[in-house]
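K.L.:
Protein sequences, first through last, are from chains E and U.
Residue 7 is where the first sequence starts when you use this note's numbering, and the numbers rise one by one after that.
Residue 7 is where the second sequence starts when you use this note's numbering, and the numbers rise one by one after that.
Bear in mind the hints are in silico, worked out from the structure with no lab data behind them.
Only a predicted model underlies this, so the values are computations on that prediction, with no experimental measurement involved.
Glycine residues also receive a C-beta, built at the ideal position from the N, C-alpha and C atoms.
Treat the hints with care, since some could be wrong.
[Claimed, not checked] Stretch by stretch, here's where chain E covers chain U in the computed footprint (C-beta under 8 Å, at least three residues):
#, region
1, 141 to 147
2, 318 to 328
3, 361 to 375
4, 477 to 483
5, 503 to 515
[Unchecked claim] Non-contacting residues of chain U with respect to chain E, defined by C-beta distances greater than 12 Å in every case (computed):
#, residue
6, N9
7, L165
8, R173
9, I244
10, S245
11, G247
12, Q268
13, E273
14, T302
15, R332
16, G393
17, R471
[Said to hold, decoys possible] Here are the computed distance ranges between Cβ atoms for each label pair:
#, chain 1, residue 1, chain 2, residue 2, range
18, U, K220, E, G280, 43 to 49 Å
19, U, T178, E, E532, 48 to 54 Å
20, E, R466, U, L136, 27 to 33 Å
21, U, L136, E, G247, 23 to 29 Å
22, U, A133, E, S230, 46 to 52 Å
23, E, R466, U, A133, 39 to 45 Å
24, U, A130, E, A560, 50 to 56 Å
25, E, D138, U, A130, 55 to 61 Å
2 protein chains.
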Amino acid sequence: MPNFLVDLQPIGRRIEVQPGTDLLTAAQNAGVDLVAACGGVGICGTCKLRLAAGQLTPLTSSEEEQLRPEEITRGYRLACQAAPLSDVRLEIPPESLPAAQRIQIEGRESALALDPAVVALDVALSAPRLEDLRADLARVNDALAAAGRGPLQASLALLDQLSAHLRREGWTARLALRVPALPVHLVEGDSQLAAVLPAGSRLLGLAVDMGSTKLAMYLVDLESGFTLARGGVMNPQISYGEDVVSRIAFANKSADNRRLLQTRLVETINQAVGGFCAQVGASAEQIVDAVIVGNTAMHHFFCGLPVEQLGAAPYVPAVSQPLDVRAEELGLQLAPGAWVHLPANIAGYVGGDHTAVLLATQGYAADQTLVVVDIGTNTEISAVHAGRIVTCSTASGPAFEGAHIRDGMRAAPGAIERVRIEQGRVHVATIANQPAVGICGSGILTAVAEMLAAGIIDPRGSLRRDAPGVRVNNGKAEFVLVPPEGSGHGYEVVVTRSDVNEIQLAKGAIRAGINILLQEMGLRPEDVDAWIIAGAFGTYLDLRSAQRVGMFPAAPLERFHQVGNAAGVGAKEMLLSRARRVQARQLAERVGYIELTAYPDFTRHFVEAMYFGES
Amino acid sequence: MPNFLVDLQPIGRRIEVQPGTDLLTAAQNAGVDLVAACGGVGICGTCKLRLAAGQLTPLTSSEEEQLRPEEITRGYRLACQAAPLSDVRLEIPPESLPAAQRIQIEGRESALALDPAVVALDVALSAPRLEDLRADLARVNDALAAAGRGPLQASLALLDQLSAHLRREGWTARLALRVPALPVHLVEGDSQLAAVLPAGSRLLGLAVDMGSTKLAMYLVDLESGFTLARGGVMNPQISYGEDVVSRIAFANKSADNRRLLQTRLVETINQAVGGFCAQVGASAEQIVDAVIVGNTAMHHFFCGLPVEQLGAAPYVPAVSQPLDVRAEELGLQLAPGAWVHLPANIAGYVGGDHTAVLLATQGYAADQTLVVVDIGTNTEISAVHAGRIVTCSTASGPAFEGAHIRDGMRAAPGAIERVRIEQGRVHVATIANQPAVGICGSGILTAVAEMLAAGIIDPRGSLRRDAPGVRVNNGKAEFVLVPPEGSGHGYEVVVTRSDVNEIQLAKGAIRAGINILLQEMGLRPEDVDAWIIAGAFGTYLDLRSAQRVGMFPAAPLERFHQVGNAAGVGAKEMLLSRARRVQARQLAERVGYIELTAYPDFTRHFVEAMYFGES
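One chain only, chain E, in its complex shape (with noise of 0.2 Å):
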């Protein structure tokens, strides 16, 4: 059976795509990056694509679930879930693309001109004899001369790597060179030598979005910048606490403690990294460049620095400035003169990938009034008006992510994500459309939501105890959401007072560091032209819901954009163009932080934006 033509709109890319396999998998296999914020598997619904032309598999019941009739009727699909029965014509609605590429589509920006930190150079030397008694180095380095390249920089192991190859290889080979970072920290000409590969091997690139639970990797050519590979895997440091506060008391009780911090991760990633590998049958020493991306403690304990200055106020930094790290001193197994790249940590609870999703959103014109919220258990909020910055980080809490709720779990099967009352009657939806048995972060936001819609909650978040569903146990009111006999396996699944409470405090906090801003700036919300919500629980969230319990403000849903791992994309941006390195530094310098908790109002902003509503 022929390979299908898929032509994909407006980005202008024609792909060959093998029957039965889905579009989605089709789409990043040729470094299209579709947002997919559920990895694949049909439950998220943020990868949507409409037939213009040719036919596809039928439509699956996830698809049913996951799109509006009348974006059946204008044939959207889920690229997750239809694969090419003919060649196709697909065209990428904007929120389907993940920020970089949208900007780019958009014509908010030019496209990203390519230029990473390592190149290739192919040399073929003479081989050494009586009248030409160079050594191999000097060979090397003269071909560098004649390419307008300087002197090689090189690790002894290195060069021993490049004695050896040149022999075995009749004097050819292809050099990963680090190119200086801009502004130069090397003289003009420098080269740093990162791998010597066999001639027409690729250079790959590797960006990590390190999360506190988990670690978002991409695999990138670097000629072409092609994602190649990506994937989720979760963050081992979970086994030494739930969130970075505990993770830094585990560290600050011993130096081998510290040290388990570190390794368990580095570990981690090699792991993930050899998959990637044998995905696309490369070797781990064509990884010449890396750059990795996280919260300050996520970004000290990938470092092995110390984090006690972390876990006390005023809670500084070890380190703020960008830092380029040998990889091998880290651990990593990757070429072995690669190196790390991490921007710059904003403040103690604001990191370099905050500063990365502030990267991402430069495609957005110079003009425009930006707010970039990244929804975690620290919440980093920024403001960006008329070419000023100010940032704020907030303690939200791990409710979003399930902790901290009664019933509460991780976004899985099975885990209530959208909750509807309708004349008193609950409709749940589940992940997966499994029978729920438990509830996620933004089922228990839209659950909040349509509680409060309902008459069920006031606006102080107190249960009306002759609300119908609302029951007293030990004296406290509940909200049964799924009787037993609902769940189809016999558990209930309810929204206490108290979980209510955590999303008073979790909404309250965002609030506040967006208002907090917004009066920094002397802005009204509808100053601000755009909404940038990054991070995974920022993409599944429910926008009418954040609005009608009063986290976001009421302004128009347009203007709010849900853009996915902008972390990653700003990480991926860097491992492509040195001059977004810069940007980078430049954006970080820039940002005027403003610490919350020292903040003259901040307990009144606070206690007003708990209450419930939309303002």
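With chain E's structure known, arrange chain U on it following the hints.
P.N.:
Positioned in the frame of chain E, the structure of chain U alone reads:
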């Protein structure tokens, strides 16, 4: 008993000396380098001083033996044998100072300007507080900026140490900063952190000359330039091969073997460094910089670089350019951020040690014509004339180290080091005046010269079978230097025809090298203003004997300078001055290397030079 004041002229230094301390030790403790080829055991006669005023301990038998009667009359003493009995004034003759200091005294050059590659900066910082949330590193960088220096570059391990140190030591530290090389490798102002030390710590440097047989090591105070400790240790690689050729063969057998040569060498240096540090009350963390020189094979062994290509024609180095390597990468236990500078190799058999020797001769006026000879198993020879340098290496063999000689031995107690034949009677002098057990390099050289003068051997090296003392053993003539009954313990020491032949080959190789370089330069021996004879054997050897056998041309003796370990002196100069590193690089680049085995007339030159006799 009070200390005595010792006034050293013409260098104009006054030092305090405890009663009972010999003058050599006292001078060395004060950082005054005296030539002491034997290490201060009274057998080489190189540490001569003249007493100008005051009283010293009585003449020892070593002095009676080493000094000529007229020297004793004029007040000459050996520094290692004499201790003050009052305040004294002493004159140091030029030949008792190693090259660098001698040059300085002779007014050929201004004193070495202290400008080491690592300098101290004391910082006192304010602690973080809510109004000052700068990261630790940002805090240090701001202090550096205030001192006119650029931001720190450091390894993660060192950044970790920095944060911990600042908190422990009340936010004060002495930073050891590596300043950019000249010409700059880093942008103006970038400061690499070599160590974080308590306030007031001395910054130390290590210079090592790695000979195939011995390692000469110097611990230097970088702020004063004084040598605080010195010593020689055996090269542990001797267990794996007497000379570098056999070690190359050993290394080529397996990667493990190559690694073994590297690690054994580094362990030995680490151990010696530990001893030095204990001796001067310092810690290895204070050793913030190092310069290490050696022949090309030793350089490659030390760096763990491949040596296959050094063991087979056309004998090219893997690396000839100067290297800066992290001490940690080599396994050297110095300051955590210390680097090791290895000056340029010139060719496969002319290493960075010869570059250092050439550097140490830079005090001679630029218009002087020099011949520099560093004698070893391989002898490196340079001719310097009218701004041009030509260099060759010649395989002089191990005869001068006592190897391949029937009764040969290293220069150790009981070795014959001087021979005189008067009216058919043989007189020998042994090291430490012990009964003769063998003959060392300088001994065999004088023996052959005397045998030639006495007509026992002819210019072709044949023994006259009818000469007194010559006997025939298994059909081969040999000359009895010490009969069993004369040696004190029944061993006899003889010189065989084959021994004479070894000396012929050795001196012939050296002389052929000298002749070819002079021919290349269009010079006659009398055009040479100074003959610089470097190295341990070069310091011991009897110049007249060397001329009589024809190893050196019959130039006026006062033009010969036996400068001791000039490679060590050059290494120390590079440790104390960045400008000297640049000079060394430029010198190495200027060298025109002549590969003797490919030189058209080499065989004729060599055969001619094999004949004995002055010329």
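K.L.:
Would you mind marking each hint as holding or not holding in the structure?
P.N.:
Taking the hints in turn, this is what the structure says about them:
Counting residues of the region 141 to 147 of chain U whose CB falls under 8 Å from any CB of chain E gives 5; the rule of at least 3 is met. Check result for the region 318 to 328 of chain U against chain E: holds, 9 residues qualifying (beta carbon to beta carbon below 8 Å, three or more required). Under the rule that three or more residues need a Cβ within less than 8 Å of chain E, the assignment of the region 361 to 375 of chain U is violated, with 0 such residues. Counting residues of the region 477 to 483 of chain U whose CB lies closer than 8 Å to any CB of chain E gives 0, so the stated coverage by that chain is violated, three being the minimum.
Residues of the region 503 to 515 of chain U lying with their CB closer than 8 Å to a CB of chain E number 0, which falls below the three-residue condition for coverage. Residue placement check: N9/U keeps its beta carbon more than 12 Å from all beta carbons of chain E (closest about 47 Å). The non-interface label for L165/U is inconsistent with chain E: the shortest C-beta to C-beta separation is roughly 6 Å, within 12 Å. Against the 12 Å criterion, R173/U falls within the reach of chain E, whose nearest CB is about 8 Å from its own CB.
The beta carbon of I244/U sits about 23 Å from the closest Cβ of chain E, which is more than 12 Å, so the claim that it is off the interface holds. Distance to chain E confirms S245/U as a non-interface residue, since its nearest Cβ pair spans about 23 Å, more than 12 Å. Every Cβ of chain E is farther than 12 Å from the Cβ of G247/U; the closest lies at roughly 20 Å, confirming the non-interface assignment. The non-interface label for Q268/U is inconsistent with chain E: the shortest C-beta to C-beta separation is roughly 10 Å, within 12 Å.
The Cβ of E273/U sits about 17 Å from the closest Cβ of chain E, beyond the 12 Å cut-off, so the non-interface label holds. Non-interface call for T302/U relative to chain E: violated, since the shortest CB-CB distance, roughly 9 Å, does not exceed 12 Å. Not every C-beta of chain E lies more than 12 Å from that of R332/U, the closest at about 8 Å, which undercuts listing it as non-interface. The Cβ of G393/U lies farther than 12 Å from every Cβ of chain E, with a closest approach of about 23 Å, so its non-interface assignment holds.
Consistency note on R471/U: stated as away from chain E, and its beta-carbon is indeed over 12 Å from all of that chain's, at 44 Å minimum. Take K220/U and G280/E: their Cβ atoms lie about 47 Å apart, and the range 43 to 49 Å holds. At about 53 Å, the CB distance of T178/U to E532/E agrees with the hint of 48 to 54 Å. For the hinted restraint 27 to 33 Å between R466/E and L136/U, the CB-CB distance of approximately 32 Å keeps it satisfied.
Taken as a hint, the range 23 to 29 Å holds for the pair L136/U and G247/E, whose Cβ atoms sit roughly 26 Å apart. Roughly 50 Å separates the CB atoms of A133/U and S230/E, a value that falls within the hinted 46 to 52 Å. For R466/E and A133/U, the Cβ-Cβ distance of about 42 Å falls inside the hinted range of 39 to 45 Å, so the restraint holds. Taking 50 to 56 Å as the suggested C-beta distance range, the pair A130/U and A560/E conforms, at roughly 53 Å.
For the hinted restraint 55 to 61 Å between D138/E and A130/U, the CB-CB distance of approximately 57 Å keeps it satisfied.
Going through the hint list in order, the structure does not satisfy hints 3, 4, 5, 7, 8, 12, 14 and 15.
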